[in-house]
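Asker: Sequence:
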Amino acid sequence: MSNLARLLVMACGLLLPVFAASADVSFTHEVKPLLEKRCVVCHACYDAPCQLKYTSLEGIHRGTSKQKVYSGARPLAIDPQRLFIDAHSEAQWRKRGFSSVLGEPDPVSGAVQLDSSLMHQVLQLKQQNPLPRADILSDAFDLSLNRDSECPKPAEFKDYAARNPLAGMPYALPGLNASEQTVLLDWIEQGAPDDTPSYVVDEEQAAQIQQWESLLNGDSLQAQLAARYVYEHWFLGSLHFPEAGSDTFFKLVRSSTPPGQPIQMIATRRPYDDPGVERVYYRLWRDPQTVVAKTHMPLALGKSQYQAVRQLLFDLPYPVTALPGYDVATGSNPFKTFAQIPLDSKYRFLIMNGQFTIMGFIKGPVCRGQTALNVVNDHFWVFFVDPDANVRGEFESLLAQQTDNLRLPAESGSNALTLTNWLKYINSQKTYVAAKQSWVKAVLEDGGAIGPEIVWDGDGSNPNAALTVFRHFDSATVEKGLIGNVPKTAWLIDYAMLERIHYLLVAGYDVFGNVGHQFNTRVYMDYLRYEAEFALLSLFPAETQRELFRHWYRDTPRGFDRLIGQAHYYLDLPVSINYQTDQPFSELMTLLKGRVDDALSHRFSFRNKVRHPIEALNELPNTAIQLLPQVSVILVADDQDFTRVQSSPEAYSLLRNNAHSNIAVMFFEDDRHLSEEDSATLVPGFIGDYPGALWYVPRADIVRFTEALSQVRNERDYRKLRDQYGVRRTHPDFWRFSDLLHTAADHYRGLDYGVFDLNRLENR
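Numbering-wise (the working numbering), the sequence shown opens with residue 148 and increments by one.
Because the hints were derived from the structure by calculation, they are not lab data.
Fair warning: this is a prediction, and the values are worked out from it, not measured in the lab.
Treat the hints with care, since some could be wrong.
In silico PhoX-like pairs for lysine-lysine, Cα to Cα no more than 25 angstroms straight-line [unchecked claim]:
no.	residue 1	residue 2
1	LYS635	LYS740
2	LYS242	LYS300
3	LYS577	LYS588
4	LYS305	LYS213
5	LYS300	LYS179
6	LYS242	LYS213
7	LYS571	LYS483
8	LYS450	LYS588
9	LYS215	LYS300
10	LYS483	LYS184
11	LYS483	LYS450
12	LYS398	LYS450
13	LYS577	LYS483
14	LYS398	LYS305
15	LYS179	LYS398
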């Protein structure tokens with residue numbers, strides 16, 4: 148931008164000082180870091196407003212779309228809009244309805260015409276209309292998750308801005324400072340040059356890529372089937388090589404070209420759809436995008452991982468007489484597709500990275516929004532059936548007999564009918580569960596009993612032995628270990644459950660599908676939850692099972708028992724546990740916690756011998772809990788003012804766990820909220836990728852802060868405490884705090900680190 152232009156901008160009230168024009172703005176060193184700090188926090192993944200993704204230059208060049216990815220009422224599926232997969236040039240994206248945000252060059256000077264750049268226009272609109280000088284934003288700012296987005300094209304922006312003067316970017320947050328604004332505007336005017344250096348794989352990384360691609364592209368039928376199994380379970384993963392000492396992440400993709408040649412990615416709606424080529428090759432593609440916490444699923448491809456995968460799936464001899472096809476009935480049903488791979492190998496492959504496997508449905512595209520997530524409780528623990536118990540009594544044969552009853556909604560495609568399919572899958576599930584219960588009874592008919600030994604102990608060292616899931620209303624988190632107080636419920640998952648969860652919510656789920664597909668997926672998951680809960684309940688005497696389930700599902704609709712086929716789930720079997728108290732569920736959780744404790748991660752435990760004062764927040768009174776958002780982050784350091792903090796501060800996550808009378812139906816959740824039973828969980832570090840409230844507490848004030856928060860009784864009390872310790876979205880130094888927050892998260896999370904999503908920040 149010329150100096151004359153800057154003077155004109157100032158004269159028009161745009162509040163930009165004069166700077167010397169920058170000759171060359173570096174995307175790599177100036178623009179990309181700025182976008183990651185200021186724009187990616189709202190513009191990433193499928194829920195990016197107007198599908199504008201700032202996580203890569205390709206996303207910026209793709210631009211915006213008026214079409215929403217997330218829609219709960221779409222009658223017909225839409226074409227997939229996946230960056231790097233479904234189109235590979237600006238021209239291809241324009242044909243798909245995306246509009247440029249960078250602007251068009253002047254035919255004479257070649258400089259970009261800034262009034263044709265949407266990115267320039269929204270940044271300038273913010274400068275013209277900065278945030279009002281108030282702690283709390285007015286209703287003029289729509290902060291709802293499902294707010295309408297007009298997504299104007301550059302030619303439509305003048306009219307849009309006149310109607311929405313407060314819609315400048317960053318939306319409902321402070322604007323960029325003068326130097327940040329200058330960097331972006333100069334870069335746009337210069338034509339958004341790209342100086343990204345070509346990525347060079349170092350020698351150690353190249354050797355590991357070659358090793359894995361060699362394993363995954365063997366010519367034998369067994370190698371091809373095993374590689375397909377690995378791909379269909381790892382395709383969402385952020386894969387990395389720990390021995391190479393690099394923080395570069397890769398995606399496992401299907402390519403029409405073999406190792407040694409450039410990757411030609413195969414684009415299909417689902418990972419098991421027909422690739423349309425004679426031979427599929429599995430390749431490691433470097434992901435150039437900024438890592439964002441809400442989709443980041445790190446998986447280390449280290450030496451131990453390689454040896455385990457090779458031993459379980461590739462070296463273990465088992466007959467493969469023919470490769471399965473890619474027709475939808477086969478591909479959507481893993482019990483058909485991978486019937487030739489031994490059950491024990493498949494199950495051990497899944498649970499050795501249990502957090503990663505469960506994380507697929509937590510961080511995959513299905514889990515966005517309240518309706519998708521109210522299929523699970525706000526806080527529960529997950530255990531796995533011991534692999535030896537899973538195959539005892541020829542469980543593999545049972546699954547072979549029940550293959551058709553284990554089919555999943557994805558077989559109906561992305562334009563599914565609703566009611567008829569729903570009833571079909573319910574009846575199939577009931578039939579399978581009845582057969583499974585008969586099998587269990589037959590196994591135990593000679594005097595056997597069910598006891599804690601049925602639960603996998605992680606082989607004494609695998610921290611995936613037990614997991615904790617937190618639901619944060621419209622997002623969720625899964626972590627290794629048993630975190631927090633004893634929850635209301637817990638799951639015990641076997642191979643068949645785990646495989647169906649993955650193919651229901653990850654491999655088989657189409658975020659671009661219609662309402663029927665989404666509805667059938669959601670309802671089917673109810674039945675998998677029942678199955679996992681009843682498996683855990685089988686460790687209790689029959690009457691205790693019924694008492695607990697009645698407590699978990701209070702106030703259910705009439706006919707609920709018959710609808711789920713409840714009678715099929717109960718196991719009236721001998722139990723080897725001699726319960727001693729009137730709190731049998733807590734007693735069992737303590738017993739199982741002791742069984743798996745040697746293997747567990749204690750990353751989120753307070754391990755100090757002396758109780759930390761901030762731990763008092765775990766016992767917050769219910770009146771205070773009611774005023775908390777789902778996820779609060781507290782930073783603690785010695786300085787009274789966070790703007791003076793130079794190093795990474797201490798960090799704590801305070802979670803609100805909402806209680807419900809039941810989660811039997813997907814609608815009317817508020818009517819089933821038992822606010823008097825809500826609880827809070829405080830942990831060191833970060834849990835949750837969408838912070839709702841940000842706090843800065845000087846170390847000297849920790850006791851004062853915890854006591855004040857415990858005494859909060861109403862909104863006025865809460866706002867008063869926010870005035871003292873809160874960092875609101877309107878704080879003049881908000882972005883400095885955001886930078887400090889990410890510095891702390893990077894310190895705590897390491898390779899698990901990703902940029903937070905700030906869309907859920909409260910306005911209180």
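Asker: Could you tell me which of the numbered hints above are not met by this structure, giving the numbers in increasing order?
Answerer: Numbers 8, 10, 11 and 14, in rising order.
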